[in-house]
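Please put together the full structure from these sequences, using the hints given.
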Amino acid sequence: MKINKRQTLKNYFRNTIPSIVAYICLSMVAQPHVYAETITDVTIDGFRYDLDTETKKAKVKRGPQDKKSPYHLVIPETTVYDSITYIVTEIADVSNASSYSNYYITGITIPNTIEYIGDWAFRDCKNFKGDLIIPNSVKHIGSLSFSECGGTGKLVLGNGLEYIGRSAFEKSKFTGSLNIPESTTYIDSFAFYLCEGFTESLIIPDSVSYLGGYAFGALEGISGTLYIGKSVNQIGVDCFSWTCNHVDSIIIYGNNLKIVNSTGNPFHSTGSDCRLIYFSNQVKSIDRDIFATTYYKNLEEVISDNPTPPVFTSSDGKTGVGFYGTVKEKAVLKVPVGSIEAYKSATYWKDFKNIQEFTHEPTEVSLNYSEISLFVNDSVTLSAKTSPFYADNYSLNWESSDETVVEVDENGKITSKSVGEAQITATTNNNLTATCHVSVKPILASGITLNLQNITLSTGESQKLIATVTPDNVTNGSVIWTSENENVATVDSEGYVTAISVGTTKITASAADDSGVSAECTVIVSQLSEIDNIIADKSAFVKIFNLHGVLVYEGEYSEATLLPDCYIVVCDGKNIKVKIK
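Going by the numbering used here, the sequence shown opens with residue 259, and the numbers climb by one from there.
Source of the hints: derived by calculation from the structure; they are not laboratory data.
Please note that the accuracy of each hint is not assured.
[Claimed, not checked] Straight line, CA to CA, 16 Å or less: simulated EDC-like cross-link-like pairs of lysine to aspartate or glutamate:
#1 Lys588 / Glu559
#2 Lys835 / Asp823
#3 Lys431 / Glu454
#4 Lys516 / Glu454
#5 Lys699 / Glu679
#6 Lys317 / Glu406
#7 Lys722 / Glu752
#8 Lys611 / Glu599
#9 Lys397 / Glu454
#10 Lys317 / Asp303
#11 Lys429 / Asp464
Written as structure tokens, this is what we have:
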């Protein structure tokens, strides 16, 4: 069939174009308002937000900009727009400028709804003072988020943090120990570079796999131990440069780790305090000259836990020199059992004059508590620490000297059962022991309330008082009842008050423990006229109750004989309180 192109185009313009025009015209007609999935740049109470109408979550983009005097910035947990509440979960990324860069900000409160802190968010808040607390909800801290922040307090990183961005805290002034959470997996380059206020040991937890270049460079206040965890598979250039100046031990675990020195020594140092270096069996190679400088000339112990000696190489293929010359003369090289010959024949390892075997059995064991006080029904878990640090070939047996006081399970969790004292002992399979003395104290009463604070009785009458002791889990919830004047009213051990003679007295309920708490009830005793009996018509129906509410008689009798006591008589629709003598 022959196609007429001219006719085809004609039909196209005849049929299709009008349809397009009609569609355009319909599109121009006003449509019902449809909410967008995201509402952007909404300003509420001085904060600018993007709002997700589907998830009801808000991203805060900018803080108050009109502050001209020092103030503490509080990021809201929620915000309300068009009668809808949105949860604030993100602090937005900002390009080349800080969302809250403000010399007037002296402190920041971040709510536990925030999961993401964006790039540049709080950069250059130089007048920041006090602690900075990152809540457990935060998973991501972006690049330059808190760089060059002032700070006279500690940096507290929440236990949910996974990612720390490039230069996130660079040149910040926080002090104290730097504790990286065990949830963290990625620490980018320059993350804590030039944070000179941090002190004590630096522990890279076993969860971290990546350490960027200069990530912990120039933390000159760090001392003690530098620990690199069991998941690290890459250490960037100059990662710990100028941080090892006062470190006395470097412990490197890693995961199939190659310690590289392509453009910068990750362990460059300007001090010479380091006495011990440990390489786990996951350290496969060590780049040239990393530990060969004079900074490590005072090493006393080098431990290589790999049965196969790690190779000393360099990025350009040349062989390195291993360790500083005098180290090979003075330091002890410890290697796994059965691998001495391998090290004696390995390049540069063989230069050590003193090579010894070591095992992973502990030589000492200690507990996180040597003594502890608990209340009844409390629980706490004891943990054991062995020495040396690499000793992991052991098992523990837990025992309690008195299981009626404290029980302990196979994981070291102790649970207090009763008041008293007991000794918890942890014993290793090579018969090392550590103990914790446990004192179990009672939960004392904090308060007592009575069902009545004031009562009026006639002579001979009784009334029960009920004492409620708090807290609910008090160890001894019993009370001791006493009367201020037993000639007026007495009280028994169950709280029954009996009126004796006209007058006023106080009944006291005191906690039976040593808390000293008590409660009082005022008792007023009045005179009751005495009668011998109650006479009723034969047709009358009589009910007689004692003062404890117990029915002692009922019936249609003209005469009801009662024993001497106080009673409530219900007769002819009346309640009569009488005393029979």
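Checked hints:
Taking the CA atoms of Lys588 and Glu559, the gap is near 9 Å; set against the 16 Å cutoff, the hint holds. Distance restraint check for Lys835 and Asp823: the Cα-Cα separation of roughly 11 Å lies within the 16 Å cut-off, and the hinted pair is therefore satisfied. About 7 Å separates the Cα atoms of Lys431 and Glu454, which keeps this hinted pair within 16 Å; it holds. Restraint check for Lys516 and Glu454: not satisfied, since their Cα atoms lie roughly 28 Å apart, outside the 16 Å limit.
The hinted pair formed by Lys699 and Glu679 meets the criterion: a straight-line CA distance of about 9 Å does not exceed 16 Å. For the proposed pair Lys317 and Glu406, the alpha carbon gap of about 24 Å is over 16 Å, so the pair is violated. For the hint pairing Lys722 with Glu752, the CA-to-CA distance comes to about 8 Å; that is within 16 Å, so the pair holds. The suggested pairing of Lys611 with Glu599 holds, with an alpha-carbon distance near 13 Å, which does not exceed 16 Å.
Among the hinted pairs, Lys397 with Glu454 is inconsistent with the structure: their alpha-carbon atoms are about 25 Å apart, more than 16 Å. A threshold of 16 Å between alpha carbons decides the hint, and for Lys317 with Asp303 the separation of about 14 Å falls inside it, so the pair holds. Restraint check for Lys429 and Asp464: not satisfied, since their Cα atoms lie roughly 26 Å apart, outside the 16 Å limit.
The structure does not agree with the numbered hints 4, 6, 9, 11 stated previously, though it agrees with the rest.
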